[in-house]
Every structure is written in C-alpha cells, then in structure tokens.
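**Q** Quick note on numbering: numbering that gives the first Met the number 0 labels position 812 of the sequence shown as 811, and the sequence is numbered without any gaps.
Incorrect hints may appear among the rest.
With a Cα cut of at most 27 Å, we get these calculated DSSO-like pairs of lysine-lysine [as the list claims (entries may be wrong)]:
id, residue 1, residue 2
1, K530, K655
2, K571, K552
3, K597, K499
4, K453, K435
5, K597, K685
6, K868, K879
7, K530, K552
8, K525, K461
9, K320, K352
10, K571, K589
11, K499, K530
12, K571, K540
13, K453, K429
14, K688, K589
15, K685, K589
16, K305, K371
17, K649, K597
18, K453, K499
19, K688, K741
20, K828, K840
21, K273, K184
22, K552, K685
23, K429, K371
24, K879, K941
25, K552, K649
26, K741, K649
27, K540, K494
28, K494, K597
Pair ranges (Cβ atoms, derived) [unchecked claim]:
id, residue 1, residue 2, range
29, G318, S538, 51 to 61 Å
30, P695, E1043, 56 to 66 Å
31, S538, D343, 22 to 32 Å
32, T677, D536, 47 to 57 Å
33, G347, K184, 20 to 30 Å
34, G318, N108, 37 to 47 Å
35, G556, G471, 47 to 57 Å
36, G547, R502, 56 to 66 Å
37, S221, T187, 29 to 39 Å
The set of hints was computed from the structure by calculation and includes no laboratory data. Being a predicted model, the structure only gives us computed values, none of them experimental. Just so you know, even glycine gets a beta-carbon here, dropped at the ideal spot from N, CA and C.
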Amino acid sequence: MVHGAVRSLFQLLGALVVGLLIVLPLLAWRLSSGPIALDFLTPYIEEALTAKDGGLSVRLDTTVLAMGKGSHMVEIRALNVRAYAGGGEQAIATVPEVALTLNGRALLNGVLAPNSVRLYRPRLHLVRDEQGNFQWGVGEPSQGSDDVVRRLINALVGEPDPDQPGRHMQRAAIIDADLVVDDLKLHTTWHAPDTDIELRRVPQGLAASARMVLDLKGEQGSLNVTASYNKADDGIMAELWLAGIRPASFAHLGGPLTELKALDLPMAGVIRVKGSAVGTVSELSFDLAGGTGTVDLPAPVNVRRKVENVILRGSATDGLKRARLDELSLDFGGPRLTLSATADGLGGDTKLKLDALAQDIPFDELPVLWPKIAAPNARDWVVANLSKGMAREARATVSARSPAGTFDDLVVEHVDGELRGDGVTVNYLKPMPVVKNASAVATFDASNFRISVKGGEVYGLKLLDGTIVLSGLDQIDQFADIDLTITGPATDALKLIDNKPLRYASALGIDPATVGGDGTTRLRLKFPLLKNLRLDDLSVKVHSSVKGVFLPKVVMGQDLTRGDLEFDVDAKGLDATGNIVLGTIPGELKWRENFSTKNVPFRSRYQVTAPRIEEDQRKQLGLDSVPFVSPFIAGPVAATVVATLQGGGKGDIEAKVDLSPAHMSLPGMGWRKEERTTGGALILLKLDKNKIAAIPHFAVNAGDLQTNGNVAFNADGSVRRVEFGRLAYGGRTDVEGAIGFKGGALDIVMRGESFNAEPLVSSGEETPAEADAPKRRQKADLPPMTISTSVKTMWLSKDGKLVRATASLMRDSDDWRNMNIRGTVGEGKSFQMQMQPAGPKSRSLKVTSDDAGAVLSAFDTYGHMVGGKLEVDAAYDDSKADQPLSGTIRISDYQIVNAPALARLLTVAALTGILDVLQGQGVSFTTLDAPFTLTDGLFQIKNARAYGPALGITSKGEVDLDHGRMALEGTVVPAYALNSVLGNIPVLGWLVTGGEKGGGLLAFNFTMRGPTQEPDVTVNPLSALTPGFLRHLFNIFDDGTETEARRRPSAAKPPVGEQPASTVP
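Using the sequences plus the hints, can you model the full thing?
**A** As structure tokens, this is what we get:
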C-alpha cells in the first residue's frame, strides 16, 4: 500500500503529466536530443510492477524518459529489468529494456499503473517437457519464469483494480525477441531469432499478433499470427500467415500438426485455428500454396513424390472429427495430381470420400501417383499391365470406412473413375506379345474395370479397337475379359496366336511363315486373375476374316489359295468357312480343326463344295487312274468332299459327286451317259500318309447305271482292285464282280443275273451321228484286259442271248486276242465261240452251235433261219490295216421262214409254190456254204451256195452290216434236187450250169440291191432259157458295181493318221 505522502506525490505527478501534455511540443524537442534520466522514479516504478502478494518482485537499473516509438509520443524506459520470485535473489526473468506508458486515468487517481509495456530484445524460451506440458522462460529459463508470462497475460485479461496496477495495462509487446523452442518430447529445437509479439486488451478479452522469422533446420521462413482470446468462453481464435515455411517442420509439435510431415516444401498461405485456452483445437482451416519440395501423403493415399508446386486448401471441424480437403493440387513438373476428400468421425468409425484427378501422368509413374485406396484391384492390374505412354487424365472417386479410425482396417464401399491415355503399351496376357502405342479409355467401379483400346499395333498387326474388362474386383475371384480387333497379314495373326500359352498355329501344324493373306481378327480371352495361370483356365475365342489366304499342303498335297475365309478359334479348335481354291479347284470350304486328339472323333475335317472339277484337277487329287479318268469319266463334275483327318496322315474322305455335267462310259461294255444326264456318286476314301489307301465304299447312280462297291490301292497310290457289289445298267447287265489293275491291264471278273456282251462281240460302237455315214472302224481306246464272266443270261444283241453263259476274253492294247464264250441258245442248244492267235499276224475264229438260226438271231445277223448246225471257220489278217476276217460259214439242215428278200426274189421269179412254202412252214435247205470276208462292217460273199430239195441259190456280193444294205447277184434254181442232176454229168453238166457250183438246167439270174429288209430284186427271165455256159453273157456289160453295197469313191482312202478299226471291239 502506498502511504498518503506518496499518493500525494503521484497526484502531483499526474498534474505534471497533464502539464507535460500541454507543453508536449517543447518536451518532444527536448527529448529529441536524448532521453531524460528519471532515476528518482525507479523505486516507484519497481513498486508499481511488483506483485502485491509478494510472489513477484521487479528490479531495474535505470529509468529514463524518451521519445516513444510508433504511436507512443513519450514513454518511460527501464533498463536491465529483472524479475524475482518471492524474496529470492535469483532472477527468474531478465529483459534488456522495458518501455512503459502510464495509464493517465489511473495516474489522476494517484495510481502509478502502466498503460502499455514493451519488452525489447528479450530472450524467450519455450520448453515442452516429456509429458507435453509447456513452460515459458524470459531470459535464461529458470523455475518461476513461466509465472512472469502468466501474470502478464492475466494483467491484460483481468478487470482494472486499484490494488493491482498491472490491471490497468492495455497493451503489452515484445520487440525483437529471440525465441527458442525446446521440445523435449520430440527431442527437437527450433529458433525464431527475430520475433515481435503484441498483446492487446479488448472488450471480449485479449487480442494478440506476432511476427517472427523462423529458423527451422537451417531454413528461414516468416510467420505472422493474429489471435484473440474470449474470456467469456475461454476460446482462442488464431490466424497463422506463412511464408517460406515447410509444414513438415511443425509435425513434431504433435496432435493434428503431425500430419504436416506430408508437406516437406516451402509454403505460403494462412492457417486458421479455433480452440480453447487449455490447448484443445475444435476447428482448423488452411489455404496454402507451396513450391518445390516433397509430398509424402500418408494412408490411405500413400503417395510420395517430388513436386514443383502445391495448392492445399481444407478444413477440420467438429473438434477435428470432421476433415475436408477442398483441394490438394500437386504439380510434378508436367504430371499433375489433384485430390479432394472428406472424412467424418475421425478418431472413431471414420467415413472417407476421396476424389482424385491425375493429368499427364506417364503410365510408368502410376505406381507412385495412383493412391492404393483408389480401386486397389484395378490399380494393381493397370500398374502391372499398362506401361509407356501418357495418362492424359485419370479420375477416381472412392468412398470407404475405417471402423477403428486407424485406416489400417479400411473398407472400400464405392469406387468409380475414368482414365484416358495414349501411346500405351498393353500387356493383356503374359507372355503374349504386348499391344504398343495404343490409345486407351478406362472406366471402373468397385466391381469392374473396363478399358477401351484403339489404335496401336501388336506383332505387325494394327489394333482397330478392343476392350479389357476386369470383373469381380469386389469378390474373392477376379476375372479378365479381353476383346481385341486387329487387322493385318494372316501370317502375323498366326504368329500372334502361336505364342504361349495359346500355341494355336503349332496345334494346327501350320508354319505361320508359309501362310499368306490379309484379314481382320477378333481375339477374345477370358481368364481368372491368377499368378500362375494354366491353359485350362484360359477361355479363348478368335474370329478372323481373312482374304487371299494361302495354306500349303492342307490335304492330299494340295495348297489352299485365294481363300476368303471366316475363322473361329477357341481353346478346343478352329472352324473356318468361305471360298477357296484347293489346288486349282475353286470351291467353298468348311473346316474344323481340333487342337487335342483326346475325346474327339477327329483331328481335322475339311468340307469342300466344288461346283466344277475338271479331269486334270481330279488328277491333282490323286484320282489319276481308272475309273476316275477318261473315257470312264470325261468332263467336269461337281462335288462336295468331306475329308476327316487323324494324325499321321490318316483319315477318311466322303465325296458326294454330281455327275450330271460329265460324259461317262464303260469302254467296251456298251454303256455311256451323256452330258446333262442326271447322275451322282457317293465315294468313301481312306487315307494313309496323306494318300488314298482305299475306297471302302462307292455308289454310283448315273443315267440307268447303278453300281456300288469298293476300291483297293497299291502302296504307290495306284488302283489295285475294284469290287462291285452290284453293277447294273441298260436293263441287261446286273452283275457283281471285280476289276483288277496290274501294269495298266484290267482283270475283270463278273457273275450274276445278266450281262450285255453285245458291245464285245459286235463290230464296234458308234454314235448316232455316225450311224448314217460311211465309216471305217477306229480301234477302241481300251487298255489291255481280261474278262471272265458267268451269268444266267448273256445278251449278244437286242433280242439274242446266251443262257447259262460263261466267257473268258483277253485283249492286248490293240485287239482282242483270246475268246472263249459258251452257253446255250434257242431251246437249250449249245453255242461256243473261240478265238485265239494263229500266227504272228493272224487270229483264228471258230463258232459252233447246234442251232444256227438261234445263233444268227442272237447276234442280230439274220432272223429268218430256223435250226441248222453251224460251223464258222475264219481268221483275222492282222497284217492288213483293216484286219479283214476271212473264212467260211457252213450250215446244214435248216429252214428259212418269212425272209423278205427271198420272198421278193421268189415273187419276181414267179416261183409261187416255193413262196407259199416260205411263208408257211419254211423252205428247207440241206447245206449252206458261204466263203466270206468281213471288213469294217462290210460282209463280202464269194460264190456262196445254199440248196435244198425245193430250191437252190448261188450268190456273191456285199452286205453292209453297219447300214443294213445289200448288193448281191446270183442264180435261183427251182426244184433243185431234180434240176441239179444234169449238173453232175461231166461236160454236159458244165454246158448246162455254166460251171456254176450249185447251178442247174433251169435257173434264173437275179440281183438284190438296197435295204436288207426290202431290197430291189430283178430277175432275167431269158436266163432261164439259156444254157448255163451262156448265162454270163448277160453280165458282160457289168462293171462290178452291181455287187457293191457301199460306194467306193476315190476319197474313201483312210485319212492321214487314221487307222482302220478292228472288226471286233
């Protein structure tokens, strides 16, 4: 308590101060020359600053009056001010200089109380002990220093009190302080060597501001702070303006500042804090920008990266339980990452939402910049399989929960996003070739990650478009579904699918380098995302459209060329359809290839439908021998061929052949099918070593031909044997048998119901166009062959046949050399024909039968003879080009019935009695003896005679068997038995008959010309009255043409290069 005298003194001083105010300009002039010593006031000032409770005392060395700084015109300064605790002698705080202004109102009331206090150049020491408690020190830290600061703050906050002069203080400032902070808990120290602090009394409590230059680990930054204290709620609000400060330097302060370690870079901006005087923080906001440094964002973001600049805006409210990151923008010197986030319930069940935007990020840097929380499964796949190139933009939104608030138990509840990039390398399936330089757009959510790819190339192929879908990302098992469309050379497409793990070209047995063509391929892969993927886990589908396909040696040694094909491939096999050329055969292909031989019926199946296959093209397929070549099959055919192949060149071929366009024939058998006549065949072939090994079944229905059977082959691929289950054609051949092939020769064996042998025994085959024209026999273009047959009926002509016939025939490349035909004719009468070599240039022919009429009728030679015993003894002269057959026909004891030519002759000769017999029971003949020569279908008769009791005939001339014409002349002798008696008398017989064998006393000369069925007959009646030796006088003007059935023009010689044909085919 200041006693009364002192009080009066202060009142006086107050009056003086008022006076000083009046004379202030004069005082300012004085003070401008230097401070005015006021040492007499020292005790009073010490007393004013000393606590009334004795807990704190103040000592100072000197007191002066000096010009004030700033808004203070005049102030009292105390030098070397010291504070002592209680009555102690150890200073607990020291200040080099203290400036005071006195409270005028208090001074008028006689109270010496400071209005403002400024501490110049003090050393401030802030210590945080290991328990987290703070202790202030002014000067050297000592026990009780913290009390000085506390009393100073209380003086400013407390209400004015006459007993406590400090309560009149309105402002306190610390100027040019040297602040040192020792954190014993974190074992760190930081220094602010230039610090200004100001505390001001305000109605609500206290306002504070500070400016300091921080020395943080060798770097300096400025910090400006404005703060306020509301004594009503004990609340504190502060703004911290940073410049050049690394937030990471504050992390050691603990609490929410610990997370500032993520921002190790100089930053500028403002941090706003709302809390309480007890040190709790309820709200926090920040708006900062940073320069070059390092960002180390903790979980759940987990990004560490050097940056060039940073923008950071956000806040924390609700007692720091709710945090909001409005923007974290990181510029990595080109690549940029922008994050925004909210977190509710921090410290407990925390809900988190994160939005991320990455721009211009090299894909190779995605592992660093893509937060692991943002779609972690999709991130893992992208990081592992997308590289090179640039992610132009990537967006992600993640919602998650952390029940414990530690982020170690993070549960992702929702995720979606999008990624756009170019120049990307896509590794869609290891170790398949990667897609390079592609453009990609990816979208994803918690379940799926979808990438759309365009452009790029893989293995020389251009990628048109593609999708990669990763599904089940929120499940235990994840799957990849890849769909790529590529275009380019077929050889490169095969190389692509021949890589592990597919190896499809190898499975096809194809060398990609040998394949040609260009096309578009769609590759679809589906597989689980496993570290050790097996081929069985892989689902593969490939669709390819290829033009100009070339595949070497696909079947039977033939190349596949000019293919326009659609391919479908999966893990089991390949299917292909389209148009191709196989060898030189255009067609339509259906191809199935199984990659595995287990549990499948075949390895390869080719179905080729060819609308036209020429003969030379059939030869390319190995069908180059009888019966697949001309004349058996000539011209084009259409076919559908199905080749089913196994390994080792083994397989089966089924051919359905349309024979309608082809000309077909059985040479020497008298059967043919003309073009455009309906025909078809079914052929089953067996392959071995890619060659035809057998034809186990064939069936042909062409025209009136029906046959089925099988074909066996030699090791060299040539036909060894054809067996017929049935061979039927023309209504007259119905047999079974076999054809053997050896050295170009045929060995034919037949048996069955019937066989048409007419072509074998006739004079040859002709076309309808040739029927009316004179012609010469062409040698049949037949291979050497033997024929053995045994049939119930063997047809020899249109109406003639042998019954229970057997035949054995043999020919070489030129002619038939041996024949032995046996059977019965007519009413079971015997028949035998034999031909055999009779010398180097001759073949003998013998025919015998007990029914000559039946034989002649069977061979369609003459149909008006009944009975008779036949003997033909003849020989072929092969030394001549036309190979004439010359010999004698002898027939005995036969009858002629209803013979038109003979009837006309008898009618003209007026032998009506014999004619009646002819037209009735028939004219009986005892003997026929006819020397003949048969050449090219022309039957020449020389001095033939036939006679019986009623009639005798001699003749010579020609019969054209090919055209049914005759030219004969001769003599008719009626009542031959009586009339010929004189002819047997020597000399007289010659005079009577003229030396004509078979002639008689009464005889008529005749000629027959024209069609054999209705010839023109002339008879010379005068010849009947002329002795035989004079009858030839009627023919002295005959030039010989009367007995020519064919005209013989000078041009009738064979054309050059044309050889006469055999008389027997």
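**Q** Determine for every hint whether it applies to the structure shown.
**A** Here's how the hints hold up against the structure:
| no. | hint | in the structure |
| --- | --- | --- |
| 1 | K530 to K655 | 52 Å, violated |
| 2 | K571 to K552 | 23 Å, holds |
| 3 | K597 to K499 | 21 Å, holds |
| 4 | K453 to K435 | 11 Å, holds |
| 5 | K597 to K685 | 21 Å, holds |
| 6 | K868 to K879 | 31 Å, violated |
| 7 | K530 to K552 | 40 Å, violated |
| 8 | K525 to K461 | 21 Å, holds |
| 9 | K320 to K352 | 14 Å, holds |
| 10 | K571 to K589 | 17 Å, holds |
| 11 | K499 to K530 | 15 Å, holds |
| 12 | K571 to K540 | 10 Å, holds |
| 13 | K453 to K429 | 20 Å, holds |
| 14 | K688 to K589 | 22 Å, holds |
| 15 | K685 to K589 | 20 Å, holds |
| 16 | K305 to K371 | 18 Å, holds |
| 17 | K649 to K597 | 16 Å, holds |
| 18 | K453 to K499 | 24 Å, holds |
| 19 | K688 to K741 | 22 Å, holds |
| 20 | K828 to K840 | 33 Å, violated |
| 21 | K273 to K184 | 24 Å, holds |
| 22 | K552 to K685 | 18 Å, holds |
| 23 | K429 to K371 | 23 Å, holds |
| 24 | K879 to K941 | 20 Å, holds |
| 25 | K552 to K649 | 15 Å, holds |
| 26 | K741 to K649 | 25 Å, holds |
| 27 | K540 to K494 | 16 Å, holds |
| 28 | K494 to K597 | 25 Å, holds |
| 29 | G318 to S538: 51 to 61 Å | 55 Å, holds |
| 30 | P695 to E1043: 56 to 66 Å | 58 Å, holds |
| 31 | S538 to D343: 22 to 32 Å | 44 Å, violated |
| 32 | T677 to D536: 47 to 57 Å | 55 Å, holds |
| 33 | G347 to K184: 20 to 30 Å | 25 Å, holds |
| 34 | G318 to N108: 37 to 47 Å | 46 Å, holds |
| 35 | G556 to G471: 47 to 57 Å | 50 Å, holds |
| 36 | G547 to R502: 56 to 66 Å | 25 Å, violated |
| 37 | S221 to T187: 29 to 39 Å | 20 Å, violated |
Of the numbered hints given earlier, the model fails hints 1, 6, 7, 20, 31, 36, 37; all others are met.
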